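Go by the hints and put chain Z onto chain Y.
Chains as they are written, first to last, in the numbering used here: chain Y, 1 to 484; chain Z, 1 to 86.
Hint data in this document are derived by calculation from the structure and do not stem from the laboratory.
Keep in mind that this is a model prediction, so the values were computed, not measured.
Hints are supplied without guarantee of correctness; some may be wrong.
Counterexamples of contact, computed for chain Z against chain Y with all Cβ distances above 12 Å [stated by the list, open to error]:
| no. | residue |
| --- | --- |
| 1 | 3 |
| 2 | 5 |
| 3 | 7 |
| 4 | 31 |
| 5 | 32 |
| 6 | 37 |
| 7 | 38 |
| 8 | 39 |
| 9 | 64 |
| 10 | 65 |
| 11 | 66 |
| 12 | 78 |
| 13 | 83 |
| 14 | 85 |
Below, a list of computed lysine to aspartate or glutamate pairs in the EDC-like style, where the Cα atoms sit at most 16 Å apart [as the list claims (entries may be wrong)]:
| no. | chain 1 | residue 1 | chain 2 | residue 2 |
| --- | --- | --- | --- | --- |
| 15 | Y | 228 | Y | 259 |
| 16 | Y | 464 | Z | 27 |
| 17 | Y | 381 | Y | 258 |
| 18 | Y | 468 | Z | 27 |
| 19 | Y | 464 | Z | 24 |
| 20 | Y | 228 | Y | 258 |
| 21 | Z | 56 | Y | 44 |
| 22 | Y | 131 | Y | 146 |
| 23 | Y | 327 | Y | 258 |
| 24 | Z | 56 | Y | 37 |
| 25 | Z | 61 | Z | 78 |
| 26 | Y | 105 | Y | 71 |
| 27 | Y | 468 | Z | 24 |
Coverage of chain Z stretches by chain Y, computed from C-beta distances (three or more under 8 Å per stretch; other residues unrestricted) [unchecked claim]:
| no. | stretch |
| --- | --- |
| 28 | 9-15 |
| 29 | 19-30 |
Ideal Cβ placement from N, Cα and C applies to all residues, glycine included.
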Amino acid sequence: MNNLGQAIHIKKEILVRIIKAFLSDDFEHQARLIPYDMRPKGMEVPYRCCVYKERAIIKDRTIAGLGFPIEEDDERVSLSDYAKQALERTQISEKNLTVLQAACKGCATNRIYVTDLCQGCVARPCQTTCKFGAISIVNGRSVIDDTKCKKCQMCVNACPYKAIVKISVPCEDSCPVGAIKKDETGFASIDYDKCINCGRCTAACPFGAVHERSQIIDILKAIKSDKKVIAMIAPSIIGQFPGNIYQLKTAIINSGFDDVYEVAQGADVTANTEAKEFIERMEEGQNFMTTSCCAGYNQLIKKHLSEIKPFVSDTKTPLYYTAEIVKKEHSNAVTVFVSPCVAKRAEGYENPNVDYVMSYEELGALFVAKKIQITELEESKYIVESSKQGRNFGYSGGVAESVKKSLKDEDSVKPCIINGLNKDSIKQLKKYAASGVCEGCNLVEVMCCEGGCIGGNATLNNQKTAKKLIDNFTQNSEDIKKVE
Amino acid sequence: MEKISVKVCTGTTCFVMGGANLQELHDIIPKKYGDKVELTASNCLGLCSINWEYSKAPYVKVNEEVVSEATAEKVIEEIDRQLAKQ
Numbered sequence: 001m002n003n004l005g006q007a008i009h010i011k012k013e014i015l016v017r018i019i020k021a022f023l024s025d026d027f028e029h030q031a032r033l034i035p036y037d038m039r040p041k042g043m044e045v046p047y048r049c050c051v052y053k054e055r056a057i058i059k060d061r062t063i064a065g066l067g068f069p070i071e072e073d074d075e076r077v078s079l080s081d082y083a084k085q086a087l088e089r090t091q092i093s094e095k096n097l098t099v100l101q102a103a104c105k106g107c108a109t110n111r112i113y114v115t116d117l118c119q120g121c122v123a124r125p126c127q128t129t130c131k132f133g134a135i136s137i138v139n140g141r142s143v144i145d146d147t148k149c150k151k152c153q154m155c156v157n158a159c160p161y162k163a164i165v166k167i168s169v170p171c172e173d174s175c176p177v178g179a180i181k182k183d184e185t186g187f188a189s190i191d192y193d194k195c196i197n198c199g200r201c202t203a204a205c206p207f208g209a210v211h212e213r214s215q216i217i218d219i220l221k222a223i224k225s226d227k228k229v230i231a232m233i234a235p236s237i238i239g240q241f242p243g244n245i246y247q248l249k250t251a252i253i254n255s256g257f258d259d260v261y262e263v264a265q266g267a268d269v270t271a272n273t274e275a276k277e278f279i280e281r282m283e284e285g286q287n288f289m290t291t292s293c294c295a296g297y298n299q300l301i302k303k304h305l306s307e308i309k310p311f312v313s314d315t316k317t318p319l320y321y322t323a324e325i326v327k328k329e330h331s332n333a334v335t336v337f338v339s340p341c342v343a344k345r346a347e348g349y350e351n352p353n354v355d356y357v358m359s360y361e362e363l364g365a366l367f368v369a370k371k372i373q374i375t376e377l378e379e380s381k382y383i384v385e386s387s388k389q390g391r392n393f394g395y396s397g398g399v400a401e402s403v404k405k406s407l408k409d410e411d412s413v414k415p416c417i418i419n420g421l422n423k424d425s426i427k428q429l430k431k432y433a434a435s436g437v438c439e440g441c442n443l444v445e446v447m448c449c450e451g452g453c454i455g456g457n458a459t460l461n462n463q464k465t466a467k468k469l470i471d472n473f474t475q476n477s478e479d480i481k482k483v484e
Numbered sequence: 001m002e003k004i005s006v007k008v009c010t011g012t013t014c015f016v017m018g019g020a021n022l023q024e025l026h027d028i029i030p031k032k033y034g035d036k037v038e039l040t041a042s043n044c045l046g047l048c049s050i051n052w053e054y055s056k057a058p059y060v061k062v063n064e065e066v067v068s069e070a071t072a073e074k075v076i077e078e079i080d081r082q083l084a085k086q
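Bound-form chain Y, shown alone:
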């Protein structure tokens, strides 16, 4: 969940308006009007220089909401044309993120900067501490030569007046793998060969420049067709909407889906399978095993950390098992995973049993557009009730606990929790892989997002409340069954 206030509010409002446009008599025309409806003539200009710029930016954001890359827009294609193309397309793209580069303009490049607080002191600790000779004194003040500066920040720490600052680029700082960079023109772009789809940058940019490429139109099209469309809701959805998950099932059905499955059902399969695998690997003498359910972590392994592969569990993700069950029970159905994060879009793309992925934000926008009041709805039961541990998969520690509870000898599991992938924790994982040892532990749970899935980029609630609501709900769920 991100705390970007208005930036995220605008993104959600655009999604609501796109859905309303789709549901109207004239989608293409209504889509074209979105920027004008949101920034009508005469309204006070909230953020940018003028109403025209505001509308241009909203148009760009709408392009992402319709599922297209903003970078490739040449400005001559109208939103009605994009809407038409969205209706006509039969394929979704592998690339899940897109950057609204016009929004990058307001953000300075990453550098070390001497502010006016520099007193031109006699000691000059900045100059003496700099190993690269990047600091000189001009007119009694320190000046940094950007061509020599390595951004080590020694001078930042050395200055007793705190006069030197690191100018941050939030998207770059948030990315654990260096996949998003502002280039020499000042625009951020994503290197998809490196990107692990963790979605940190979408939540970090204060201008809301990084967008998910939505599949909402493709999903609405499937709902409108005569195909059966089935939603699969991630465990972390508990606490993300008002009411309980039984009312949520009714709400999802009322918004056009034919049925709803809890992915916690697949989480139970994951937990049991992983528990069996854990015993086998320990018996074979392996020192530790890591979990394999987090899509961001799986992308990290594929693109940056192949050396850890021998230690990663071969067990599939909860989504994998759930989608397999759904496709077996309804072979012609269209499956839609309802997700807390963008990383699962990558997993969905690679899994033929998962047709589309929609975020919690998008499901919320669909409820808003359809005026569905969840708390006023009757409850609908799930065909299979999931276990407490399966439903707790969405927060950090929940997966390791589910493996532990699946085993008769619970104490044989000594978990170590990687709560969020960042430069430090990736280094730690590399160390485990290189040495083949994880001191004092034998099961490493890896969650890409801090807090687990409840910390995903597309969640609606703050983590603390979300975790409390999950615990309140799951305390009445049955324990997971033990493996033999």
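Relative to the frame of chain Y, chain Z by itself:
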């Protein structure tokens, strides 16, 4: 002294547009105001269907005063303003 009534809208629109975060008021308000303020979660207050629609959600009502685009900080500010008037 009359109790101040704070009604947090838990309608779907308010919840989705940022109201989920207002649940922290259930921790903050009793601690800060004791029984001077009565906090209730309300079904849809109907404010999202009037002129501003969802663009100003989430909504909170502090007595008769409507706080739009509500955050915990804005709600507390409004409570303090009304307490000062009493």
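Hint check:
1. 3: holds (24 Å)
2. 5: The claim holds: residue 5(Z) sits with its nearest Cβ about 19 Å from chain Y, beyond 12 Å.
3. 7: The claim stands: residue 7(Z) keeps its Cβ more than 12 Å from every Cβ of chain Y (closest is about 14 Å).
4. 31: At roughly 15 Å from the nearest Cβ of chain Y, residue 31(Z) sits farther out than 12 Å, so the non-interface label holds.
5. 32: holds (17 Å)
6. 37: holds (19 Å)
7. 38: holds (20 Å)
8. 39: holds (15 Å)
9. 64: holds (23 Å)
10. 65: holds (21 Å)
11. 66: Consistent with the label, residue 66(Z) stays out of reach of chain Y, its closest Cβ about 17 Å off (over 12 Å).
12. 78: At roughly 18 Å from the nearest Cβ of chain Y, residue 78(Z) sits farther out than 12 Å, so the non-interface label holds.
13. 83: Residue 83(Z) clear of chain Y: closest Cβ-Cβ about 26 Å, beyond 12 Å.
14. 85: Since the minimum Cβ distance to chain Y is about 28 Å, residue 85(Z) lies beyond 12 Å and the statement holds.
15. 228(Y) / 259(Y): holds (8 Å)
16. 464(Y) / 27(Z): Answer holds: residue 464(Y) to residue 27(Z) is near 11 Å, not above 16 Å.
17. 381(Y) / 258(Y): holds (14 Å)
18. 468(Y) / 27(Z): holds (12 Å)
19. 464(Y) / 24(Z): Measuring from Cα to Cα gives roughly 9 Å; hence the hint holds.
20. 228(Y) / 258(Y): holds (6 Å)
21. 56(Z) / 44(Y): Within the cut-off at roughly 15 Å; holds.
22. 131(Y) / 146(Y): holds (14 Å)
23. 327(Y) / 258(Y): Given pair residue 327(Y), residue 258(Y) holds - Cα atoms ~14 Å apart, limit 16 Å.
24. 56(Z) / 37(Y): holds (14 Å)
25. 61(Z) / 78(Z): With a Cα-Cα distance of about 10 Å, the restraint between residue 61(Z) and residue 78(Z) holds, given a limit of 16 Å.
26. 105(Y) / 71(Y): holds (14 Å)
27. 468(Y) / 24(Z): holds (11 Å)
28. 9-15: As far as the stretch 9-15 of chain Z goes, the hint holds, because 5 residues have Cβ atoms under 8 Å from chain Y.
29. 19-30: holds (count 4)
Violated hints are absent here; each numbered hint is respected by the structure.
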